[in-house]
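**Q** Got chain R sorted already, so can you dock chain G onto it with the hints?
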Amino acid sequence: MRIHRNDAHTFSARRLATTAAAVAGALALTACSGGGSTGTGGSATGGDGTVTVWHYFTDEQQVRLMEEYKAMFEAQHEGATVENVFVPYDQMNSKLISAAGAGQGPDVVVFNGAEASTLALAGALAPLDEHWDAFADADQFPDSVIHEVDGTMYAAQGYVNLLGLWYNADILAEIGVEPPTTMDELESAMAQAKEAGYQGITLSGLPNSQGEWQAYPWLTDAGFTYEAPDAGALEAGLGRVRGWVEQGWLPQESVNWDQTVPFQQFAAGGFAFAANGNWQQGTAEADAQFEYGVVPLPVGTDGKVYLGGEGQAIGAHSDDPELAWDYLEATYFSTEGQLLAPEIVGSIPSRADAAQDEVVTSNTLLAPFAESIERSGANYPDGVVPAEAVADLQLAMGQAWSAVIGGQRTAADAARGAQATLEGLLG
Amino acid sequence: MSGAPTLAGAAAVAEAPVEGSSRPTRPDTRAVRASRRRVVFLLPAAALMGVLGVFPLLQLVWMSLHDVTQRTINAPGWQFAGLENYAQGFAAGESGPALGRTLVVVLVVTVLGMVGGFTAAVALRTAGRWSGFLLALMVFVWALPPVVNGSVWKFLLGDGGLVNTVLLALGAQTPVPFLYDTTWALLSVAFVGAFAVIPFNALVYRAALLTIDPEVFEAAALDGATRWGEVRYVMIPAVRATTLVLLVLTIVYAFRSFDFIYVMTYGGPGTATNTLPFLGYLQAFSRYDYGLGAATSVLAVVGVLVLAAVYARSIRKEEADS
Numbered sequence: 001m002r003i004h005r006n007d008a009h010t011f012s013a014r015r016l017a018t019t020a021a022a023v024a025g026a027l028a029l030t031a032c033s034g035g036g037s038t039g040t041g042g043s044a045t046g047g048d049g050t051v052t053v054w055h056y057f058t059d060e061q062q063v064r065l066m067e068e069y070k071a072m073f074e075a076q077h078e079g080a081t082v083e084n085v086f087v088p089y090d091q092m093n094s095k096l097i098s099a100a101g102a103g104q105g106p107d108v109v110v111f112n113g114a115e116a117s118t119l120a121l122a123g124a125l126a127p128l129d130e131h132w133d134a135f136a137d138a139d140q141f142p143d144s145v146i147h148e149v150d151g152t153m154y155a156a157q158g159y160v161n162l163l164g165l166w167y168n169a170d171i172l173a174e175i176g177v178e179p180p181t182t183m184d185e186l187e188s189a190m191a192q193a194k195e196a197g198y199q200g201i202t203l204s205g206l207p208n209s210q211g212e213w214q215a216y217p218w219l220t221d222a223g224f225t226y227e228a229p230d231a232g233a234l235e236a237g238l239g240r241v242r243g244w245v246e247q248g249w250l251p252q253e254s255v256n257w258d259q260t261v262p263f264q265q266f267a268a269g270g271f272a273f274a275a276n277g278n279w280q281q282g283t284a285e286a287d288a289q290f291e292y293g294v295v296p297l298p299v300g301t302d303g304k305v306y307l308g309g310e311g312q313a314i315g316a317h318s319d320d321p322e323l324a325w326d327y328l329e330a331t332y333f334s335t336e337g338q339l340l341a342p343e344i345v346g347s348i349p350s351r352a353d354a355a356q357d358e359v360v361t362s363n364t365l366l367a368p369f370a371e372s373i374e375r376s377g378a379n380y381p382d383g384v385v386p387a388e389a390v391a392d393l394q395l396a397m398g399q400a401w402s403a404v405i406g407g408q409r410t411a412a413d414a415a416r417g418a419q420a421t422l423e424g425l426l427g
Numbered sequence: 428m429s430g431a432p433t434l435a436g437a438a439a440v441a442e443a444p445v446e447g448s449s450r451p452t453r454p455d456t457r458a459v460r461a462s463r464r465r466v467v468f469l470l471p472a473a474a475l476m477g478v479l480g481v482f483p484l485l486q487l488v489w490m491s492l493h494d495v496t497q498r499t500i501n502a503p504g505w506q507f508a509g510l511e512n513y514a515q516g517f518a519a520g521e522s523g524p525a526l527g528r529t530l531v532v533v534l535v536v537t538v539l540g541m542v543g544g545f546t547a548a549v550a551l552r553t554a555g556r557w558s559g560f561l562l563a564l565m566v567f568v569w570a571l572p573p574v575v576n577g578s579v580w581k582f583l584l585g586d587g588g589l590v591n592t593v594l595l596a597l598g599a600q601t602p603v604p605f606l607y608d609t610t611w612a613l614l615s616v617a618f619v620g621a622f623a624v625i626p627f628n629a630l631v632y633r634a635a636l637l638t639i640d641p642e643v644f645e646a647a648a649l650d651g652a653t654r655w656g657e658v659r660y661v662m663i664p665a666v667r668a669t670t671l672v673l674l675v676l677t678i679v680y681a682f683r684s685f686d687f688i689y690v691m692t693y694g695g696p697g698t699a700t701n702t703l704p705f706l707g708y709l710q711a712f713s714r715y716d717y718g719l720g721a722a723t724s725v726l727a728v729v730g731v732l733v734l735a736a737v738y739a740r741s742i743r744k745e746e747a748d749s
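So the sequences go chain by chain: R and G.
The first sequence lines up with residues 1 to 427 when you count with this note's numbering.
The second sequence lines up with residues 428 to 749 when you count with this note's numbering.
Chain R on its own, in the form it takes in the complex:
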């Protein structure tokens, strides 16, 4: 072997090249991987006794309920831990779908129940049939809280949420009106509240699925249905709410509000009404410095109110689906767990036995919601909407709702546009 004076230099260059190649190779390999069973940043954790739960709650009381469930499960299962991971509402589905594509994801998902089909079609949720069939209390749950896609069950709801009409009793007493039971009474009360120096109503006008959820009762009151969409009825419903903006009863700023902000505005005391959900009970107790109450949304006989709420499911790539199921069975699906929901958040338990408990029946704020379920409750999403069209439809309707409240389009124009989209989606 010849020794050359440039050998040291050459060796150095070669080592450098090898190092560079190794780095490049490692990067390439990293890019090619991603299908592993373990996750990062709050995803499945390799079966080490941790249940990772993805949720999108920002409301203090809803977060507290998650923490109570965590404590409840950890107390019952020695050695097991629960990790609650917050994911913003409008990023939840895309994160779940992309994680599923990489073979990753959380153990448990708490998501908008209406979007079960979107997640199931994308392969982000694990089928629950096996667990459900073996679940002794499965018969306590009504069909309306079970989410199935193509005959396979993917999620169930531990509670039901819906909208009602919250009122500021102090303002109503001052202007001398009773809580409204009809649309005319509501509009008359808002007009009187405005004359007395208050504002009328808060709701969400966001151009997304939250907007569609909020719009549905007012649109169906005007005769609109997804079964036989009619542009005239849609225009009437949208036009009525735009009229509230023009009268100064509803702030146009509501197009920037998600459902949390309008209730905070109501709780601050300046508004007579809020179209908001039963889950705001905890916030009302904590923040409202006035007497308040709830009546069913004053939608007519045609009017419907979505029966929503979060679905609970096991992630398709959970590394410990058995422990995930144990968590769900011990918390969201147990009587004890379901009774925490009305107490802390104000949600209505989905189990028949829990719904009959004194915690629920003695709660005067929940009674109007229960009445609304019976009188105007509607499946969310509507059964006539094909699974693949749910997200598209919600966005289109949310945008129409927002466009009219914000004055971007007239009610007639927005109704025509939405009608054309619906015809394409509903066939």
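To list a few chain R residues with every Cβ distance to chain G over 10 angstroms, as calculated: (1) M66; (2) E67; (3) G79; (4) V87; (5) S144; (6) G151; (7) I175; (8) E178; (9) P179; (10) Y226; (11) T301; (12) E322; (13) E336; (14) N363; (15) V384.
One side only, chain R facing chain G, incomplete, derived with CB under 7 angstroms: (16) S94; (17) A100; (18) G101; (19) G123; (20) Q252; (21) E253; (22) V255; (23) N256; (24) A391; (25) D392; (26) L395; (27) S402; (28) A403; (29) G406; (30) Q408.
Quick caveat, the hints were computed from the structure, so don't treat them as lab data.
If you're wondering where the values come from, they're calculated on a predicted model, not measured in any experiment.
Just so you know, even glycine gets a beta-carbon here, dropped at the ideal spot from N, CA and C.
**A** Below, chain G without anything else, positioned relative to chain R:
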């Protein structure tokens, strides 16, 4: 997968110096070796760019030519759709208006960003306590994550926010609908985009202004130049090359406006602030029509690529001139 050819290429590069080392060292051999060594240094960066930049871009184009929804995104083999996604975006009346709004945002951000950046740079050119403080503040604003910046502005521009409170105190009858009126909302998100880019532009302009020889200002002063004269006849010509580069960078920045819209208006009211990037986001991640969203994003990417080519040309020209 892609690691194999990369490793082979690197190995070939690694072998080269060994062969060369057995021959007497000549100047041209040394140059070749130095050139090859440079390639070695480039390799990790090239691999990183390939994996994180080129590959996603190719996949985006590939996706835009296929029918990809939530049902098929994670399934093997997407159905080819040709240019259907592109046609659908325009036929549905979404892409055209979104392109128009994007151009409005680009115009506002570019004009305010360039003028604001240059003005701030002129003000901060001289050393002093205030200019040091302002400089630090600008770096802070520049370093703020867009989500934080956007959330702060959402509060500031609300009906009960600081801006409207001041305007009402000054005699305005009603709050200005900054974020919920069709026209105001688009202008507001564009303004916040400009606000966020001004610090960067100011820092770059300031660096360019500091390279001007002080004797030039002395000469101008002897000739009786006013403050405005110094700006007009000394500073602006001196930063011409910087302006061109910064102009292209600012336009590219404005063209991909997304963050502030996402945080402040979510595209609303209705679709009033749906720019091309945000429309692509909605189509892909709200409607789960990934093919359609990819097609819209490709349109935005093409716009940025054209500007990037202009940028590259201007850089080369500037280097050749200097």
